[in-house]
Structure formats: C-alpha cells, structure tokens
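*Asks:* Based on the provided sequences and hints, a complete structural model is requested.
These protein sequence lines are chains A and B, in that order.
The first sequence begins at 1034 in this note's numbering and counts up one residue at a time.
The second sequence begins at 172 in this note's numbering and counts up one residue at a time.
Okay, the calculated bits of chain B under chain A, using three or more residues with CB under 8 Å as the criterion: (1) 245-252; (2) 258-272; (3) 278-284; (4) 298-307.
Pairs of lysine to any residue residues, derived as SDA-like cross-links and limited to a Cα-Cα distance of at most 20 Å, are as follows: (5) A:1134 x B:280; (6) A:1038 x B:301; (7) B:349 x B:309; (8) B:398 x B:412; (9) B:325 x A:1054; (10) B:398 x B:421; (11) B:187 x A:1126; (12) B:206 x A:1206; (13) B:325 x B:281; (14) B:187 x A:1286; (15) B:398 x B:413; (16) B:398 x B:378; (17) B:398 x B:224; (18) B:398 x B:411; (19) A:1038 x B:297; (20) A:1109 x A:1159; (21) A:1134 x B:297; (22) B:187 x A:1202; (23) B:460 x B:471; (24) A:1038 x B:304; (25) A:1134 x B:279.
Hints are computed from structural coordinates only; laboratory data are not their basis.
In this text, a Cβ means the ideal position worked out from N, Cα and C, and glycines have one as well.
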Amino acid sequence: MRIIKLIWSYLRIGVANEMQYRVNFFIQLLQSFISLATGLIGLWLVFSHTTALSGWSQPELLAVMGVYLLMGGIIKTAIQPNMQRLMDEIQNGTLDFALTKPVDGQLLISIREFRFWQLTDGVVGLVVLAIAIIQIQERIGIGQALAFVAALALGGIMIYCFWLILTTSAFWLIRIWELVNLFEGLYAAGRWPVTIYPNWLRLGLTFLVPVAFAVTVPAEALTDRLTPLTLLGAAGLAILLMGVARFVWRLGVRSYSGASA
Amino acid sequence: MPTPIVTVTDLAKHYKVPTREAGLKAATRSLFKRKYNTVKAVDGISFTIEPGEIVGFLGPNGAGKTTTLKMLSGLLYPTGGTPNVLGFQPSRRQPNYLRQVTLVMGNRSQMAWDLPALDSFDLQRAIYGLPRADFERTRDEFIELLEVKELVKKPVRNLSLGERMKMEIIGALLHRPKVLFLDEPTIGLDVTMQRRIRQFVSEYNQRYGATVLLTSHYMADVEALCKRVIVIHNGKLLFDGDLAALVDRFSAFKTIGVTLANGFGSFSQYGEVLNQDTGHVSLRIPREKTPEITARILAEQQVDDLTVEDPPIEDVIEKVFSQKSAEGDAG
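*Replies:* Next up, the structure:
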C-alpha cells in the first residue's frame, strides 16, 4: 500500500514537472501528435510492400511491430529514464540521498522518473496491434489474451532487470553511456520475429538481451504460436533475472563510494 | 550516565584509487594496466557522542570528515571497525535506522529543481510515510522558524543559494530525525544566512533533543553551535574535547591589548608588538608568562584598560594542522 502511494507521489511530481512550463507543455503535446502521425505513416509505407517472412504473414508481422512499439514505449516511459537518472547520480554522488531513505533502495531508484510523453510510442503500438488483430481475422480468446498480457509483463520484467544490471555496473565503471547505445541497437532487432535471424543471433537476442521474450513471445501469444513451455520458460528466466539483478544491485551499493564532496 | 547515541571504535575506510602520470601515453597505458594507490581516508578513529550533543568535526579538506559522516549515515561500508548509532549498524541501512537520521550536504540538493519546495516536501512525506497531520504541523513550524512562507511556493530554481539551503534543511528534517549529519550546511552562504541556519539547527537541537554532527569550514558555525569538537587530520583523530581546551592546548600565545592613559610608551621589552597606534598597543606573549607580564605592565605603565585574549580560533586550527603536516613530512 505504501509503495503504491509512493509511486503515485512520484507520478504526480513527474506530471507537475511537465506542467510547470506552459509553453513547453503545449509544444510537447504537439510533438507527441506529430510523432504519432509520422510513426503510423512510416509503418503503413513499409507494410504496403511487405508480404510474408519465414512463416509469419503480413498482419502477424504487424502484430510483432505493434508489440515492439508498445514495449519500446514502456521502456522509454518508465524504465530507461529511471536508469539514466541512476547513472547520473552514481556519477555525481547525489545517489546519497536515495540511499539514506527508509525505503528499499532498488525500489526507490526504479520508480522516481516517469516520462509520460513517451507514452505516445506505446499508443502507436496499441493502434498498430489493433489493426493487426483486425487483419488477422481470428477471434482472440480469453486464454490468448491472458497469455499475451502475462508474456508482456514477463518481458517487461526481464528488460527492467537487464537494464538494472547494466546500469548497476556504473558503480564500478562510472561511465557507461556506450552500453546504453548498445542496448538501443540490439533492441531495434526486436521489430522482427527473432525466428528470422540466424541461430547465434537468435540465442543472443533471447538470453543475452531478452528482446525475444519482450517482443516475439508476446506476439506469439496473439498469433497462436505460444506453447505453455515457452511461457513457463519466460517465467523461469524472469525470476532468475530478478535474482541476479537484486544480487548485482546489492553488490553495487556495497562498493558505492560516492563522488567525494 | 546515558548510553551514547554514537559509538565509533577504530573506524577505518581505505580506498583504492587508480593513478597515472599526465599525458596521452600514460592514459593509453592505463587503459590496459592500471596502477592503484591505497588512500587511507579514515584510519582508525574512535569516539562516542552523547544524546543531545552538538559536535563539530574539524579538519582540512580531505581529512576524512565527509567519509566519516557517510559511514555513520550508512552510505559507505567501513574497511574496519563497526560504528554503532542508536543501537544500529548503519551500513545495514535498516529502514528503522534511516527513519531516525538525516544527511544534509551543503553542496548537493535533493529538491526537485523546477517545482516549488512544497512539492518536494510532499514527496518526503510519502517516502517517510508520515501521517498528514504530523507532517503539516512540522512543516509549518519549520517554515515559520525560517520565515520562508512565500518562498516555499516559488520554483526552487528561482531561489538564491541561501534560500535553497533553507529548503534543503526543512526537507531533510520533516521526519524529525534524532540524529543529524550536517556536511558543510552553510558552505557558500553569506554571514546573515549562515547565522539563520545556525540558529535553526540550535533551535531544533533544543526542541527535539536531537544529536548533531556537523562539519564546517566556518569557525563561526562551530563556535556558535558546538561545545565539543573532534579534530581529524589525514584520517587520524588529533583532538576530542571542549573547544576551549583545544585553544588551551594548541595555542602557545595570548594577545594582550593595552589602552594607554598618556598615549605613548615602549612595549618591546614585554613581548612581540603586533600593533601600536596612539593610545593602543597589542602584544603577543607566551601563554605561561601572561600573569607575570600583565602584572609588570600594570605596574610599569600608565594603563587605562587592559585585555587578555586567546588568538582567533581560525589561527589556532591552522596552527594545529600546519604543525601536524610538518611532523608528517618529517617522519
């Protein structure tokens, strides 16, 4: 209960922050609409020239793209901003304040930032998904819908853990901006089903960077490809990654020295 | 005798720091092969602090003051020695411990930059899970004490450095901590603002019986707030006791000021003449000769008024450190 209140407080601060500057607020609003429109137009252009790809029909590919955009929106709204702030604070030493609060440190650094403008990516993703589902022309059952939501949640958790482990390495390495770019490059590979890639790359995108679980697996749930075993595997990997992330975080905080005053 | 709030025994913190020569060549080499130096930031210090005390931490830059405060607030893991604060081991960072302490850093801010401070205060309420009524009472009390009723509604970025510091302090004390770690809380502030912050700390200490550990480079802060000081230098404890005793121990001289009835006189036979104007002389004399020389001046000169003073505390401290550095270089 307290955690929900705390998240709510940070959300309110985030929104208040955006509204503090009126002109900026309206420019952001405009910009979000523009990026929404250009995103949809771009997709339409690509997909009016694509047919099937290694067993995925055109509307199914569109569904993958939808999930890719949706997950990207979630990452940019809630995960990446928090991790970037953590990185900055490790460098500047202001993490001191977060670590002296009577709230679990990992929880606190994961909920402080919320860029709700980035939700537009998520909205584009939802629109694309809706179009894809209509085109697939098969009824999506409750079971499939639930599997989809579960797979999406597990994928989100895995991406969060992956980001946290990456960011926590800043405790030792201090400057790790390049790693962030690396993630963005790899995540871009997720816009296609990972099954189209050669084996080595597919393995990397599944277990090194959990893009496959974040995008392809939820899309499989929607297109009737998901086996219970895969979902179970996703759950297992998510739990494992949470454990590893927790462990690395603790180790990192232990060796945190703070920028000297 | 009450149980101490803070007990520190043989506390140590050693850092490994990469070092290299200047220049591109050395930078390239250090990409592959790093040399490390061990820096003993804190090297075996011990002390205890009683409930309600305000203790000043003194030492030049890099003496280990901040490192000690950070170990006590749970941010750093000690290399050696286990500090005990309020019965807790700080580095375990238990919520019940962190709820009772606070850390204020004069050169860092935890306020949301673009928002009025009131919003940041609300966030603190959520973090500490404070009941609304308590929170509002404390907040309004502090706002009144620091006279910032209007300022808390302005975005923090539009405030002056001193005004911002007031906000930082309010934000850091809303949960009414029992132990305050203040790291240079008045750094960069003008004299009036320094005094306000000082008064507030003293007021808080009296109202809530809080224990305060304070580092400052401004001796005025220390003189006004701290009866007791702990002096550290190069990670080692040099002195722990009353501020007055520090002066006694480390200053070998006193200053005698004489106002002359007839305006003139020769004083060089008594000691080093620091200053001589018409009607006034000041002399520097060895501490142990003070009674004798005072008596002689009173007997031999036509004196209107005579004062005996300790040298300014800054001079004493500076002397302590320069002496110790010289010893360190020699041995």
